[in-house]
Amino acid sequence: MKILVPVKRVIDYNVKVRVKADKTGVDLANVKMSMNPFDEIAVEEAIRKKEAGEAEEIIAVSIGPQQAQETLRTALAMGADRAILIQTDDTVEPLAVAKLLKAVVDAEQPGLVILGKQAIDDDSNQTGQMLAALLGWPQGTFASIVKVAGDKLEVTREIDGGLETVSLNLPAIVTTDLRLNEPRYASLPNIMKAKKKQLDVKAPADYGVDTAPRLKTLKVEEPPKRAGGIKVKSVEELVDKLKNEAGVL
Amino acid sequence: MAALVLAEHDNKELKPATLNAVTAAAKLGGDVHVLVAGSGCQAVADAAAKIEGVAAVLLADDEAYAHPLAEVIAPLVVSLAGDYDAIVAPTTTNGKNIMPRVAAQLDVCQVSDVIAIEAPDTFVRPIYAGNALATVQSADAKKVMTVRGTGFPAAPASGGSAEIRPVGGAGNPGISSFVRQELAKSDRPELTAAKIIVSGGRGMGSGEAFSIIESLADKLGAAVGASRAAVDAGFISNDHQVGQTGKIVAPELYIACGISGAIQHLAGMKDSKVIVAINKDEEAPIFQVADYGLVADLFEAVPALEKAL
Chain A
1 MKILVPVKRV
11 IDYNVKVRVK
21 ADKTGVDLAN
31 VKMSMNPFDE
41 IAVEEAIRKK
51 EAGEAEEIIA
61 VSIGPQQAQE
71 TLRTALAMGA
81 DRAILIQTDD
91 TVEPLAVAKL
101 LKAVVDAEQP
111 GLVILGKQAI
121 DDDSNQTGQM
131 LAALLGWPQG
141 TFASIVKVAG
151 DKLEVTREID
161 GGLETVSLNL
171 PAIVTTDLRL
181 NEPRYASLPN
191 IMKAKKKQLD
201 VKAPADYGVD
211 TAPRLKTLKV
221 EEPPKRAGGI
231 KVKSVEELVD
241 KLKNEAGVL
Chain B
250 MAALVLAEHD
260 NKELKPATLN
270 AVTAAAKLGG
280 DVHVLVAGSG
290 CQAVADAAAK
300 IEGVAAVLLA
310 DDEAYAHPLA
320 EVIAPLVVSL
330 AGDYDAIVAP
340 TTTNGKNIMP
350 RVAAQLDVCQ
360 VSDVIAIEAP
370 DTFVRPIYAG
380 NALATVQSAD
390 AKKVMTVRGT
400 GFPAAPASGG
410 SAEIRPVGGA
420 GNPGISSFVR
430 QELAKSDRPE
440 LTAAKIIVSG
450 GRGMGSGEAF
460 SIIESLADKL
470 GAAVGASRAA
480 VDAGFISNDH
490 QVGQTGKIVA
500 PELYIACGIS
510 GAIQHLAGMK
520 DSKVIVAINK
530 DEEAPIFQVA
540 DYGLVADLFE
550 AVPALEKAL
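Chains A and B are the protein sequences, given in the same order.
FYI, in this note's numbering the residues of the first sequence are 1 to 249.
FYI, in this note's numbering the residues of the second sequence are 250 to 558.
A couple of the hints might just be wrong.
Straight-line alpha carbon distances no greater than 30 Å define the calculated BS3-like cross-link-like pairs of lysine-lysine that follow [unchecked claim]:
#1 B:K556 - A:K241
#2 B:K434 - A:K147
#3 A:K231 - B:K522
#4 A:K233 - B:K444
#5 B:K556 - A:K243
#6 B:K276 - B:K261
Don't read these hints as lab results, they were simulated from the structure.
From just these sequences and the hints, can you work out the full model?
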């Protein structure tokens, strides 16, 4: 079985996000960029499946600017076998990403696609589900356990109030939640080896997909700041304030 | 113009998140219909019909919908979509699972996690873990969206008398099946519906220590929350997580104990009416958003608070 793992280059999760003064977006100039954390978990899960003998090849794919090659090299250094960059400087919305990924799936015929449940930039949480819909494949979203069971996949999902386990026919789509695994760090020798691994660069037009956005961003603003309150000196004062000032007890 | 709201339920009860989604759908300006897809779920349909502002309830009562599998529910929603200009679901794990599948089948770009509706085609949604708010305009003829409960007040659960129309199933593609569910058994209110939430963070130090949080919560009739740090450390299960990657809550009172106040946690609770922070580190960022801050050892302050109530 081949596993396809889409990865996205996003602002590093430790970076403090600043909204641009002209309200057109978030300032990404000279900001550290990294692989989306949920996608790292997806890459790790694919590698573990390969190490367990359940997969033969892992293909990482990214849609984004030229610099997304670095993100793909990270995936290769972790253990992916080869990579595809669909290079574009445009904003590509989840639906268009799903259409491009469907074209890659049609060409590569993987048995499993593992994606992060959401990217930490636009927080859409859509691409995996959309790809599943376009392919007519089942989906195991927000996965915390993924087990291959014969010709099926058993996925334990994090749902409101607890866990749910579903059985999916293969081929299938999985999207990762935080507790699926802890991604490994790439070792220096593997980083060196990754530089020699195959990385194909394509364009959206190669796949015949229209990536024109459907959403127009009118403005991006900072959320209203919450005014800080006061410090109380004791539990008694706290209870008094909650009862008599805030009126919430 | 009419909007279809996907009801959140467990075949027995209509979940409160549905009420917020109804309010959001009503803001789009047309009739609001509610789809109840389940098995043996007449009681849910009856409850949905009583929601103020709901004009009709579509009831798809079929064994195939006993569990809300996206592969089965999405084709049903798509089969009904022709009559609607908008399809709305609450931002629950169900809504997040099903709606993008619906949107892709309709060739529509979904708008996720809407917190405000400025016009029938213009929506505000948080991005970058709530560090920015984007106002977006959708060019799609049909709008597909998930709405955040804290952005819209709950519609009154009584006062309506909508007709209930049975709708036919769209079949089961047979590519997935339900195996089992392990839901946390608790008499405490649900996080997203609770009026009071008591949350613990990394400062709790261990899973056992959460017993003082639970004890205080029970005294207050509150739900128990946690920061991602506490979940990652294995102190408590993930369904308690409040934050951008967990649940978004806005209770009347949020009591944060041993929580430093990472951005990702604040994104999940900063819309609470009153925030109390108990932390021994007076520099903790949580104090910047707290209405009442108490610099104290939580292992002394939390039991003392319980006693003082």
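Violated hints - listed by number, lowest first = none
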